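So the protein lines, in turn, are chains S and F. Residue numbering for the first sequence follows our numbering, starting at 1 and increasing by one per position. Residue numbering for the second sequence follows our numbering, starting at 1 and increasing by one per position.
By construction, these hints were calculated from the structure, which means they are not laboratory data. A hint or two may mislead.
[Stated by the list, open to error] So, partial list: chain S residues that the calculated Cβ filter (under 7 Å) puts toward chain F: (1) Asp-48; (2) Phe-54; (3) Thr-164; (4) Asp-233; (5) Phe-269; (6) Pro-345; (7) Val-346; (8) His-377; (9) Ala-403; (10) Phe-405.
[Stated by the list, open to error] Simulated DEER-style distance windows between Cβ atoms: (11) Asp-282/F - Met-258/S: 55 to 63 Å; (12) Gly-257/S - Asn-107/F: 32 to 40 Å; (13) Asp-443/F - Ala-12/S: 47 to 55 Å.
Only a predicted model underlies this, so the values are computations on that prediction, with no experimental measurement involved. The C-beta atom is built at its ideal place from N, Cα and C for all residues, glycine as well.
Here is what each chain is made of, one letter per residue.
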Amino acid sequence: MNKPMQVVDPYAGERLKLSPFHERQAALNLRDAWSSWNGYKFADYYYDEEYEYFCVRNSCATYDICPMQKYIISGPDAEAMLDRMVTRDVSKLKQDRVTYVCWCTDEGRLIDDGTIFKLAEDRFLLTCGSPSLAWLRKSAFGYDALTIEDVSDTLAALSFQGPTTCEVLKKMGLDGIENLKPFSIAHFPLAGSNDSPLMVSRTGFTGDLGYELWIAPELALTLWDALYAAGEDYGIQPYGEAATNMARLEAGFIMPGMEFNEALKTIHFEYDQTPFELSLDWLVDFKKPHFNGREALLKAQRKGFNYTLVKLDIDGNKPAEESLLYADRNCEKEIGYVTSAMWSPVVKANIALAMVHSKALKGDIWAEIYYSKELRHHSKIARCVVKKAPFWSPARARVTPPAAF
Amino acid sequence: MKKYDAIIIGAGHNGLTNAAYLAKSGLDVLVVEKNDYIGGAAVTREMHDGWFYSSCSYVCSMMRQTIHRDLNLTKHGLVLVPYLGTVVFADNGDTMTSYNSEEAEYNQLRRRSPHDADAMFRFQTDLARYAQLIRKTLLRTPPDPTSFKPRDIRELLWLAKEFWSLGERELYEYIRFFTMSAADFLDDYFEDDLIKAAMASPGVIGTALGVYSPGSAYILLHHVMGDVDGNIGAWGLARGGMGAISNAIAGALQEHGGTIRTGAGVDKILVKNGRATGVVLDNGDELYANIVVSNMDAKRTFTQCMDKNDLPPGIYEKAKNFKIRGSSGKVNIALSGLPKFNNVADNRYINRGGQGFVGSMETMERAYDCWKHGRWSEDPFIESVIPSAWDPTVAPPGQHWMSNFVQYCPPKLADGPWTPEKRDAFGKTVIDKIERYSPGFKDLIVHAEVRTPHEIEAEIGLTEGNIFQGELTIDQLLFNRPFPGYAQYRMPIKNMYMCGSSTHPGGGVSSACGANAAREILMDLKRPNTVPEDDFYDE
Ligand SMILES: Cc1cc2nc3c(=O)[nH]c(=O)nc-3n(C[C@H](O)[C@H](O)[C@H](O)COP(=O)(O)OP(=O)(O)OC[C@H]3O[C@@H](n4cnc5c(N)ncnc54)[C@H](O)[C@@H]3O)c2cc1C
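Isolated chain S (complex conformation) (with noise of 0.2 Å):
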């Protein structure tokens, strides 16, 4: 008798998540240009990078946070086992408000950076690049009255960012938008329902007007309908991970993997980084009581810090993609490397975020830059110039409710 033969996929185990939107964004990725983050599957680009980059600074376009990490810390012992955790003062934090934070090790080395948007006066969301789990039961010890849950599946999100975004959600029927302030969360509804499934923080990571969308999974398709419709006049376009590490770039935001190796992946004796070396010493606050890295962190802001993270504008137009730096143009004395580079379009600079030795600031800072031509390498010097400001940062960003785009 002939059964009918049942088909499985010997690889299923080995094949990639799905984000809730995949369907709509495999649709749009004309050039099958998939890498992967966190399990999931998960666009490099879908058109051509450069072009989704200047959505992100012309028009407005999304970008799937699906598989970044998300917690909901829960219950009367939630801020105060946050606050031990960051560095930053959570208890100042006001309910509907987000937060940028990071945590360190005992030894004040970096963990990771996030977002902290309070929920309610004991229910928090904290957002990671990395998985966390671990760490964040770690950091409850003796907090009973709290539950850690892993959201990073039920919840889908996207990243919405570009001048026209504001006037895309107005379109979209998001009432009051434009009084939503950077850093702030409001709820709303999704194609005319009574309840409010849509949560909507004025925050992202290109340094430009945007907003992040949060949503339950099974509405995850109708937000991206209603989204792309209302988008449809003001160039909306999915973008992927290389126009994100562009927008990031020129805004001086920082990157795992980039500029900092987490410190419990980290192998290498202090291969990892303090936030001072980082430039994050705004995020440390020794005003608020004990918190984990504090003592270390103490001891490393009054002894000194042997790197700073800068921002470079570079002579010319090649990339200082890896390059070393010196404190001289005959390169006899190295004073730091460089951890992300590119040529800015929308500023049209050569532009770097880069380690150098504190010591070093104050003079002279020369790359050694590598490039081929037509299979053949070169190399050549550059002159180094430390900016204070991110290299983009308009005002839209800043502004409440947004100037017209």
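Given the structure of chain S, go ahead and fit chain F with the ligand onto it with the hints provided.
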């Protein structure tokens, strides 16, 4: 009586660039502009409620990035965004899309001609090689080949070395290239007529030449030598229209203390004892300065704004015979929606690109025939872009503005002067042609601005409406631009300079003419050079 260090006549983008660099070195500069607005041919104007037209130039790729960066033009509001490929339309309704991925482009060319798809690689490589050489000269003052000054000899040697580095065979090709027609050049690569027509079209833009006329091959190169962020041959839009470029340069000028006076047309350049001393405005006001820099074209400068008796012998004649024939018109159209074109997929990326109504090589040549006979083309070549499909700031959401650059349109008609009726008839020819490829197009039209060479001259002072301030043929290029012996921005009158597109490296929104002129002026005044050297070409 106030005396400026420098007066610049004309607030075109080159005049503004020149002024910005002079101001940056500490000079007290004044720009006088006849119009009530600045920008010359790089301008954005709200011609209809909510619609902002780039009335003249509409796309950007020659803008020197070094200057953008050096003058901090982004801070002053300039953002350049690349736009996507162009669909070309054949007479028989066929279309060919240019895709931005090499593979997609290859597949598409193969469908027309496998031979041409392969040949495209060699074509692109050869063009890039030629372009590379020209690119290196953009921010340099051409040497004077008859001078024995060390600097000229050094520059000549440099130029010779650059030419030699092409290799012997390519050197000969290159020299041939300057005098070839676009058609002859393309015949060496392609067999498909639509591919040829598409590639030939940049060879005639802004030029009173046809695709079969000698010299059109170089024009082609002139249009592909620019780049957007290093993608050579790519074109971009200035966010907010081309005026954003001029406005940003004006911002830099003002930051460095320079002033601009609009509504101040120059009637005459004042000359005393063989030296320029200032200008007389249309209203009779006299303004004085140590040096005078003209951003106007060479013909206008010498034949309209100077006294023949103030000029050394021969200059007036040279200026009078300067080749500056207008050949193009522009139709700017406000649309209530995005037009749909026959045989073009509703593809969001293609929609954000441009349209090239080329027809065929034959059609382009016939279009030129009309120009020769003093008529506008009955079946013109039109190069269109819909900037609003990509720039959200130039039209109301969901509505659009379409820029249509039209060849050919003569400055003088055989049947008497231009009239508003003839202008509108020209506009109708263009709109009718687009309607043929986009049924229903006319119903979308909300407003249209039709510009013939006549309007272009009247408004910007581009003589005969020539978009480049003088044709880009070998007799008027490099050390021959505008005239042999005067290619280094200094004019035959002491203390007088030129900085517009009539000078090297010629037309297009590049800021190069203005910057190069500033470098020469600062050298004469023995002031520190503020103009950057272009180090962006070792691609
Ligand atoms: C229709 C059209 C389309 C074009 N398309 C493109 C394009 O897409 N891309 C591109 O790169 N280039 C394009 N060009 C060419 C480019 O725009 C020009 O080469 C460039 O803008 C010239 O700049 P300029 O500063 O040298 O001179 P202009 O822009 O000509 O500036 C001269 C200035 O002098 C002023 N002036 C004239 N006479 C007087 C007077 N007597 N007194 C005071 N002021 C005076 C004028 O009003 C004007 O502001 C186009 C040009 C035209 C006309």
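**Prompt:** Checked against the structure, which of the hints given earlier come out wrong?
**Reply:** The structure breaks hints 5, 8, 9; every other hint is satisfied.
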